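Asker: If you want the building blocks of each chain, they are given just below.
Number of protein chains: 2
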Amino acid sequence: MRFGILGTGVVGKTIAARLAGLGHEVMIGTRDPEETMSRTEPDRYGNPPFSAWHEEHPKVGLGTFAEAAAHGETVVNATAGAVSLEALEQAGGDNLSGKVLMDISNPLDFSRGMPPTLLVSNTDSLGEQIQRRFPEAKVVKTLHTMNAQLMVDPAQLGGGDHTVFVGGDDAEAKATVKDLLRSFGWSDIIDLGDITTARGTEMMLPVWVRLFGALQKPLFNFKLVR
Amino acid sequence: MRFGILGTGVVGKTIAARLAGLGHEVMIGTRDPEETMSRTEPDRYGNPPFSAWHEEHPKVGLGTFAEAAAHGETVVNATAGAVSLEALEQAGGDNLSGKVLMDISNPLDFSRGMPPTLLVSNTDSLGEQIQRRFPEAKVVKTLHTMNAQLMVDPAQLGGGDHTVFVGGDDAEAKATVKDLLRSFGWSDIIDLGDITTARGTEMMLPVWVRLFGALQKPLFNFKLVR
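Going down the list, the protein sequences come from chains F and R. Going by the numbering used here, the first sequence opens with residue 37, and the numbers climb by one from there. Going by the numbering used here, the second sequence opens with residue 37, and the numbers climb by one from there.
Honestly, the hints are just simulated from the structure, not real lab data. Mixed in with the good hints, there may be bad ones.
One copy or two, it doesn't matter: identical chains are merged, so the pair holds either way.
[Stated by the list, open to error] Below are the DSS-like pairs computed for lysine-lysine, each with C-alpha atoms no more than 25 Å apart in a straight line:
1. Lys253 - Lys214
2. Lys135 - Lys259
3. Lys214 - Lys135
4. Lys259 - Lys95
5. Lys135 - Lys253
6. Lys253 - Lys95
7. Lys214 - Lys259
All values derive from a computational prediction rather than experimental measurement.
Work the whole structure out from these sequences, hints included.
Answerer: This is how it looks when you write it as structure tokens:
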């Protein structure tokens with residue numbers, strides 16, 4: 037299948053590498069591909085520049101947000117939540133129309149200092165904002181409640197016995213996403229309902245951040261015991 | 037030990053019964069004890085009136101908020117979050133001063149319809165509001181992320197292999213609360229840090245409510261796999 041991944045951060049690269057490894061045709065989208073490739077310094081978290089990653093993943097294409105979205109039969113929003121709507125505007129509504137749009141972003145606000153707060157919460161969510169802005173896209177909120185490494189390889193923690201949530205308005209789109217999640221190794225997939233359930237899952241981020249602080253490691257996840 | 041439990045709802049009664057069963061001296065506090073005892077109809081959720089419950093738990097005392105708080109060496113806020121500050125004002129700062137105040141309430145707002153939203157979130161929490169209003173109390177936020185039956189008897193789900201969170205500014209108060217949680221059967225207790233961590237755990241309620249809808253039962257909980 038063809039995937040367009042929006043965002044060249046850790047999440048975008050991790051998803052892109054995993055999808056390419058599964059044999060999919062993947063293009064990563066960024067605001068300015070030339071600028072992205074020209075970076076030679078590690079990012080602020082110490083990760084190698086994109087060009088170094090790209091040398092190790094030559095099958096993954098790089099293009100503008102619009103080119104990546106046009107390429108994908110399924111599009112993944114892996115941009116930072118604070119710029120997601122802007123990035124999706126650049127991707128273009130026509131390039132998202134009728135497609136599954138997996139939204140794995142979080143509306144984290146680092147402008148108030150650490151720990152981050154949420155830019156939208158309680159009575160609305162980023163998932164809903166995206167669905168409202170692009171009504172022809174089939175938005176499915178998922179995977180945003182855990183570390184990027186776990187998103188694509190849940191088996192590396194507790195034998196994969198933990199939970200991923202799915203929310204969205206389109207049943208067929210959710211079925212497509214669930215199949216994809218199973219191909220990553222997920223077995224415990226809970227479908228919470230429509231896209232308004234993104235409020236609940238996005239609001240799990242503040243406790244995630246505190247758990248990251250308390251446990252001093254990012255490889256943890258919630259298992260829904262029931 | 038002597039406990040004062042504020043609130044005669046399901047949570048207050050469940051905690052009170054469990055504590056009395058463990059041999060503690062328990063008094064439940066309510067706004068107007070005479071009015072509470074005079075109710076003869078089931079509540080809006082179909083639970084029997086307080087007097088019927090009290091007949092089955094004769095060792096549990098009933099008094100005003102102030103009498104229950106004065107009675108307790110540890111005080112438990114089990115009122116509805118929307119009225120917690122008011123109930124605690126009636127309990128009286130002097131009756132809370134120097135004591136462990138276990139806050140197991142949630143600031144749920146049912147006024148906008150279902151599912152409920154939160155009255156405070158993101159940049160503040162009810163736990164913090166209570167701590168600010170009663171600086172001499174040692175507020176510990178805990179147990180508010182699961183159903184009342186599970187709070188006091190985690191073993192009835194998954195052999196008790198799931199997680200309870202604790203947050204508060206006073207290390208000694210948290211140690212007291214952790215001992216109490218262990219006496220209920222809890223083994224996986226995660227101390228998230230200070231009272232500001234209540235933001236994260238209170239913000240878990242929206243996904244809890246959606247899970248209740250998706251799973252069609254209240255007996256579930258999060259296990260933190262790590």
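Asker: Next, verify each hint and record whether it holds.
Answerer: Evaluated hints:
Taking the closest pair of Cα atoms, Lys253 and Lys214 come within 25 Å of each other only across two copies (23 Å); inside a single copy the shortest separation is 27 Å, beyond that limit. Taking identical chains as interchangeable, the C-alpha atoms of Lys135 and Lys259 are never at most 25 Å apart, the minima being 30 Å within one chain and 34 Å between chains. For a Cα distance limit of 25 Å, the shortest separation of Lys214 from Lys135 inside one copy, 15 Å, qualifies, whereas the shortest one across copies, 49 Å, does not. Taking the shortest alpha-carbon separations for Lys259 and Lys95, neither the intra-copy value of 34 Å nor the inter-copy value of 38 Å comes in at or below 25 Å.
In this homomeric assembly, Lys135 and Lys253 never come within 25 Å of each other (Cα to Cα): the closest approach is 35 Å inside a single copy and 34 Å across copies. Taking the shortest alpha-carbon separations for Lys253 and Lys95, neither the intra-copy value of 31 Å nor the inter-copy value of 46 Å comes in at or below 25 Å. In the homo-oligomer, the alpha carbons of Lys214 and Lys259 lie at most 25 Å apart both inside one protomer (17 Å) and across protomers (22 Å), since each shortest distance falls under that limit.
In the structure shown, a violation is registered for the earlier hints numbered 2, 4, 5 and 6, in ascending order.
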